[in-house]
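Please build the complex by placing chain C on the supplied structure of chain B, with the hints as guidance.
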Amino acid sequence: MTGIEIAVILFILVGGFTALVVVVGRDRSDRYDERQIIEQGRGFRYAMLTMIIYNLLEPFCELIIGRKFMDANIALWLSACLGIGVFAVYCVIKDAYVTVKTSPWVQTWVMGLLAFTYTASAFLKLDGGLMEDGKLTVNCANFAIAADFVVIFLTLLIKNLRDRRRRE
Amino acid sequence: MKNLRLKAARAAMDLSQEGLAYRVGVSRQTINAIEKGDYNPTINLCIAICRVLGKTLDEIFWEE
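Chains B and C, in that order, are what the protein sequence lines are.
Those letters in the first sequence? Residues 1 to 168, by the working numbering.
Those letters in the second sequence? Residues 169 to 232, by the working numbering.
The hints are simulated quantities; they were obtained by calculation from the structure and are not laboratory data.
Cβ coordinates follow ideal geometry from the N, Cα and C atoms, glycine included.
Among these hints, one or two may not hold up.
Said to hold, decoys possible - Under the rule of at most 25 Å between Cα atoms (straight-line distance), these lysine-lysine pairs were calculated in the DSS-like manner:
1) B:K101 x C:K204
2) C:K223 x C:K204
3) B:K159 x C:K170
4) B:K159 x B:K68
5) C:K175 x B:K159
6) B:K101 x C:K175
7) C:K175 x B:K94
8) C:K223 x B:K94
As the list claims (entries may be wrong) - Among chain C residues calculated to face chain B with C-beta under 7 Å, some are:
9) V194
10) S195
11) Q197
12) T198
13) T210
14) C214
So that you can see chain B by itself, here it is in the shape it has in the complex (with noise of 0.2 Å):
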């Protein structure tokens, strides 16, 4: 068996575990409100906007620098990344990230858990370093995906302390 085989059926493995606990342990009235989902259509708005801002300016830098500093699969990975942080951050900061059930400070340590597996899997992942013939590697793609988790997290976080503090 090959290594993308073995990949392969850890994915279907993984994924498939995952998809049925979901599925089957997801409390059906658990939703968004209304106001929430008003909110999230505001957050996709500005992931939007962000997303082309970055496909004009990088680019556009390239033009400026004269060559290309990271491959077109890195250049989208890293405009994901950023279009999915912003639209997480833009929901916890207006309540619209946790539906209605459910904690948010399970939220946050959940996300907190997956920044810190996430932070260190691409420290370990981290041979070759981050550049490669003057070009950004793959392993960016991993500490942007991992910055993201980060990133959400602290907003959870401040966010929370400071909802608790208030209502004290």
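Relative to the frame of chain B, chain C by itself:
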């Protein structure tokens, strides 16, 4: 504009924002936003709030 009548009606029933939110089925922050005047609720949400508080739509949401 702040909705002080909603706040007063809620306080009269000794309900916290969280308690009202739970009974209506929305987040606490949504009730807070309505009271602060930051969010205009849909008619369905207005009706749900009025039912819980035992008030009419006019008493809570109508502005002269």
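Checked hints:
no., hint, in the structure
1, B:K101 x C:K204, "holds (22 Å)"
2, C:K223 x C:K204, "holds (19 Å)"
3, B:K159 x C:K170, "holds (23 Å)"
4, B:K159 x B:K68, "violated (39 Å)"
5, C:K175 x B:K159, "holds (24 Å)"
6, B:K101 x C:K175, "holds (22 Å)"
7, C:K175 x B:K94, "holds (21 Å)"
8, C:K223 x B:K94, "violated (29 Å)"
9, V194, "holds (4 Å)"
10, S195, "holds (5 Å)"
11, Q197, "holds (4 Å)"
12, T198, "holds (4 Å)"
13, T210, "holds (6 Å)"
14, C214, "violated (11 Å)"
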